[in-house]
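Q: Sequence:
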Amino acid sequence: KLKADGKTITFSGDVGRYRNQYYPDPAPIGPTDVLISESTYGNSNHRKKVDAFNELLETVLDKFKQGRTIIIPAFSVGRTTEILHGLRQLADQTGRLNELDRIPVYLDSPLGIRALEIYLQRRDYLAAAFHEKYLSGPNVHLLQDPGESHALDNKTHPKLIISSGGMAQGGHILHHLEAFLPQENTSIIFVGYQAEETIGRAILEGRDVVIADRQIEVKAEIIPISGFSGHGDQSDLSEWIATSTVKQILLSHGEPDVIHDWQNHLIDQGYQVNILHKGVPVTV
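First residue of the sequence shown: -11, per my numbering; consecutive thereafter.
I should point out that these hints are in silico values taken from the structure, not numbers from a laboratory.
Keep in mind that a hint or two might mislead.
Only pairs whose alpha carbons sit at most 27 Å apart, straight line, appear in this in silico DSSO-like list of lysine-lysine [as the list claims (entries may be wrong)]:
1) K36 to K121
2) K235 to K266
3) K53 to K207
4) K53 to K37
5) K37 to K147
6) K235 to K(-11)
The calculated label-pair distances, taken between Cβ atoms and stated as ranges, are [stated by the list, open to error]:
7) A139 to K(-9): 52 to 62 Å
8) V38 to F(-1): 29 to 39 Å
9) V198 to P134: 35 to 45 Å
10) E205 to A(-8): 52 to 62 Å
11) D80 to E243: 30 to 40 Å
12) T271 to D245: 25 to 35 Å
Virtual Cβ for every residue (Gly too), placed ideally from N, Cα, C.
Start from the sequences, fold in the hints, and give me the full structure.
A: This is how it looks when you write it as structure tokens:
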């Protein structure tokens, strides 16, 4: 929050999701005169996360039975841990943990592994559903050495690689994609938003890509699974805004069609709403 000329201006940052099984609800806003809010999912609502994990678990088990290499690009902090934990927790709850444990799982994200260590040190910040036992297993390998990471590209056995670089713009995921995208016995599962002009979006749209100055022909199977976003959806954002006294809202961080839909929705709720544009001043 920023106080200036007798007014309070609140900046949202990324607003999380309510009733998340791993993290606390977003903090209430409280009294404020102006709110600058993100709009990433301002015109839509997510599916239930348990449904997303059910689809992911079924897909991973099925593709492994087919003898395929499965690759999940994931954002280093939070998402890599959540995917590993969620898969193992659901498999345990549904009596399929032994089946999942047959799959060699490689968590290839040095930053994600460091974040995981911090989670374990500060367990008090996490929700009750978070259990340490789901962050390891008889066939779970945490890779921190670059040599181990690159060596995976030459291994032909069926496996699951969860690697850093959610939009495939950087991180270890790039050399894995360079190696495995041309292989028909590979399944790439996208579990996060792929922004325009990213390698991830190009792959998702069925286009060949350039990685490390090499033209890569995409022969791998591409599977998007929605529902894992850490950003709050329209109902989450609405619930969060309702914790304030705000009347004037300035919107940022959203695709043009989404941000306009979200603006109209908020105007219908009685708020004064403007969209921020780079270099254009706003009076508050």
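Q: So, for every hint listed, does it hold in this structure?
A: Right, here's what the structure says about each hint:
no., hint, result
1, K36 to K121, "holds (24 Å)"
2, K235 to K266, "holds (22 Å)"
3, K53 to K207, "holds (19 Å)"
4, K53 to K37, "holds (24 Å)"
5, K37 to K147, "holds (24 Å)"
6, K235 to K(-11), "holds (16 Å)"
7, A139 to K(-9): 52 to 62 Å, "holds (54 Å)"
8, V38 to F(-1): 29 to 39 Å, "holds (32 Å)"
9, V198 to P134: 35 to 45 Å, "violated (22 Å)"
10, E205 to A(-8): 52 to 62 Å, "holds (55 Å)"
11, D80 to E243: 30 to 40 Å, "holds (37 Å)"
12, T271 to D245: 25 to 35 Å, "holds (26 Å)"
Figure legend: structure checked against the earlier numbered hints; the only hint not met is number 9.
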